[in-house]
Each structure stands twice: as structure tokens, then as C-alpha cells.
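Build the full structure now, drawing on both the sequences and the hints.
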Amino acid sequence: MRLSRYFLPVLKETPADATIASHRYMLRAGMMKQNSAGIYTWLPLGFKVLKKIEAIVREEQNKAGAVEMLMPTIQSADLWRETGRYEAYGPEMLRITDRSDREMLYGPTNEDMITDVFRSFVKSYKDLPQLLYHIQWKFRDERRPRFGVMRGREFLMKDAYSFDLSQEDSVRNYNRMFVAYLNTYARLGLKAVPMRADTGPIGGDLSHEFLILAETGESEVFCHKDLVEMAPPGNIDYDGDLQSIVNSRTSLYAATDEMHDANAFANVPKDKQLSARGIEVGHIFYFGDKYSKPMGATVMGPDGKDVPIMMGSYGIGVSRLVGGIIEAHHDADGIIWPKSVAPFGVGIINLKTGDDLTDTACDDLYRRLSIMGADPLYDDKADRGGVKFGRMDLIGLPFQVIVGPRGLKNGVVEVKNRSTGARQEMSIDATIEMLSAEFAE
RNA sequence: CGGGGAGUAGCGCAGCCUGGUAGCGCACCUGUUUUGGGAACAGGGGGUCGGGGGUUCGAAUCCCUCCUCCCCGACCA
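For this note's numbering, add 33 to where a residue sits in the first sequence, where the first one is 1.
Check the hints yourself; a few may be wrong.
Here are the computed distance ranges between Cβ atoms for each label pair [unchecked claim]: (1) D131 / R177: 25 to 31 Å; (2) G418 / D389: 15 to 21 Å; (3) L44 / D389: 29 to 35 Å; (4) R135 / R35: 44 to 50 Å; (5) A299 / R179: 30 to 36 Å; (6) P438 / E262: 43 to 49 Å; (7) R400 / E251: 44 to 50 Å; (8) S133 / K338: 39 to 45 Å; (9) E251 / T130: 29 to 35 Å; (10) A299 / G418: 54 to 60 Å; (11) R35 / Y122: 43 to 49 Å; (12) K224 / T393: 39 to 45 Å; (13) R179 / F40: 22 to 28 Å.
With a Cα cut of at most 25 Å, we get these calculated SDA-like pairs of lysine to any residue [as the list claims (entries may be wrong)]: (14) K171 / D131; (15) K171 / Q67; (16) K442 / D392; (17) K303 / E253; (18) K66 / T249; (19) K326 / D111; (20) K171 / T106; (21) K372 / P42; (22) K96 / H316.
Calculated directly from the structure, the hints in this document are not laboratory data.
Virtual Cβ for every residue (Gly too), placed ideally from N, Cα, C.
So, in C-alpha cells, the structure goes:
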């Protein structure tokens, strides 16, 4: 993409309303624009990142055996009445009526709807287990939206739902999601720690929140230090034994403040105790027949009797992750995108547009990097060097190739690694070779 | 929902106390000179001062009311 033809409204000054890094940088880097409290327009750069994160989440869900579908954003109130949630949900649910005065709502979540889908078609235990998901916009009318996309009212969420005959069977799906989440966050460049979460009235220990550590996190967390640096499971057989992987995490202490047990935490070796703040980026949940029972979602078991389906739900806040990743990866100059989610792979800075030699070298680089799949963003605008450097640092692409007449005289360009800040001069051929290795996948 | 703060040009702000033709910086447009870390000079465009009502000869400024946004807390299947 040539910057001169892109839509990238960067801001020089920080909007007064933004107080945390991710919010500031998303506004300044032209990733989004606020429309009202907790509701944002995703501008091209932000949208591109959002879609990359979504793609990684999708790939990992598919690997784990989940099946994608899509449910609507607008739901009928009747469905929610069946589970009693229409009354119970409260003012966080955006309720609307259509032209015929039918009561509708903008979905804050989809348990009721997926249960309805399931009961419409599945009648036998032989069709279990099932694991379905979709990635869809949600709306929760938060009392206090804040921190940009970190706590928006409208947000993009991946929500998966599992259906099993028994709780024991449910654990297999639960573990699939648990492991898939570890892999997902690792690919996104995040160190997410699963922590025991409140299961509400259901009981048991089948609920975990995944949190990334960050100063600006909304929750206070306590955990064993080793959990933070633990390597992801990677490519494993999702139909194999996942329990040992899950155990490797759950055997170490980790809890948010609501679940914190100071006595248990005291048993963690002093030098391994970590108390910090965290951002919740995922939540997995087993809730049994909470929805299937009131909605009459049953299947016939091997013994010929109808039994309610045992369900779980598994959420990842996709739009929140955009902010979460920035919170984890930025410096005073701007964002530092992990390669996997960077909106573009490489930035090309032309320090003297209009100069034949420089233009030609940039065009050549741009073409070759494009073919290579490095997805370059070529700053071909007429701005001065300083403006271009600042802008490129702000939007945080992993690599910058700086091209100017001075270097070209000696046959070199400068390659800057945004993350380390290291720069080195090399020929264009060497640059292509080096970046080609970086983007080989 | 409790407490606090703020709405004046695209962004950041001053002006309000003490009423009298709406300003500054950046951004934007034109021109000239510049050009390897956010250029200089000259000229220029852009405003229902959040909305409504009131007081007054006169309201960005004083009064009433509504709306919106932000921060702290509580809340967060």
C-alpha cells in the first residue's frame, strides 16, 4: 500500500479523552474514531489489525475442532424469556422494538440463541459432542465504558458453545478450548495466564479467565511467576490427552482478586509470588444444563430417556485484544506490533520523494517486498524525514526500511527493527534477503 | 449508580471571575526558500462558543434546564 493512497489520519496531539496507552495510540495512529461512549468506527489501519487477530482466533478455534457459524446481532426477547434472562439481565441489555412493537434486543451474548439452534436439530446422543462458535458483534450497555476498546459497549467477540451428554464429556471440550486459548494468545504475542474464576451458582472449578498482565488492567491478580513464561502447547492432537496440559497450568496458583485465597497464595514460594494487574482477554465456562433445561434442549440418551444437554461457553474479546496487545507492546514513540498482527509487515520510508534515484529504489523495494508477501506500507508522501520517522514509529510496523539519497550513493538503505530499535545499513538485495527470512512462514 | 471534571475551528487550549465585534499553537490551502528525526517566512480559509430558555441595550461570559463526553469508585453471564 502506498501511503499517499491510504486513509491514515494520524494525530500529532493526544486527544484529551484518552488516558491509557492503547487508547491514545489507537486514536493517534488513526486506527479508530469514537462515535459515542464505548462505540467506535474502525478506520482502515485498526480494522486491518482487528481482522488479523480475528483470523488467528479463527484458525486456532478450527484447529481445536470448533465449527464456525454466524448468529445475528438482533435477537428476539422471547428466547430470553424462556431462560428468564430477559428480566434478569438488567439495563446492560439494549432493548429495542421493531415496527410491529415486537420486543427485540441487541445480543450481549448468545447462549439462549445457540441453545435454540441446537434443540431445533439435535435429538440424539449420537450427534454429540458438538462445539460451535461464531465471531460476532455484541452490545452491552456498560454503566461506564472506558479505556477505548478495552471496555467498549459494542465489541467483537468470539464465542464458542459446547454440547455434551455429561459433565465428564464436557471436560473434553472445555480442555480443547483451554488449550486453544493458550495457543491463540501466544500467537498474538501475549503472555496470558489462566486463572480460576467464579463459577456462580453452578459450582465446581470449571471456569477460567485468561488475563494478560498490564499496569492498566482492571483486575488485581495473584499468581505463580512460572505461569507467565510457560511455553504454549503448540501443535498438539486436540483429540488426545489435554488434561495434562491443563493440569500443568491449573496446578500452580493463579487467581483474580474475587477468587484470591491469601493462605493458598502464601504457600507459593516467596520468590515466585506475583501480584499484579491484569486485563481479561478470555473466559471459559462450564454451566451444565443452566440453559438447556429451561429451554427444553434435550437429547435421547443410550437408555432411551431424554436428558438435558450439558453446555459450556468460551469467549475471547477480539476487539479488546487490539487494545490489550498495544498495552503489552508499546513505548514512548508508539505501538510495537508483534509480526503476527501488524497491520503491515514493513514500512518503506522515502526520504526524498521526487528524487529519481530514491523513487526508483523505493519502487523497486516496494515491488519486491509486495511479491514476497511482507505487505509493505510505502511512505511516498512529500513530508519531511522527521514527520515520516515519527509517523512510522507511531504506527509501529515491525520493520522500517529507510531510503535516501545519502545511503543510496553508497548502495545502501537503512533497516530498522521497531522492537529493538536496532538499525543496520545494507544493500537492497541484502534487505530483501533478510526480510524474506523474517517473513518466511 | 455515587463522587469529581469538561464541552469555544479538525486536534490541543486561552478567554468566563469583572458582559461590549471570538483568540493562540498545531493541522489545512497558496507562494517562496528548504529537505536524513515532527522546517522557515509571507499570505489565506475555517466557529450555531453542546442544545433550549431567561436576565440585559448587549451573553462564550450571569441565571435556569436539558444533552454529551471523560476520570475515580461500585458493578461486570
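Exercise. Which of the numbered hints above does this structure break?
Worked result: Checked against the structure, no hint fails, so every one of them is satisfied.
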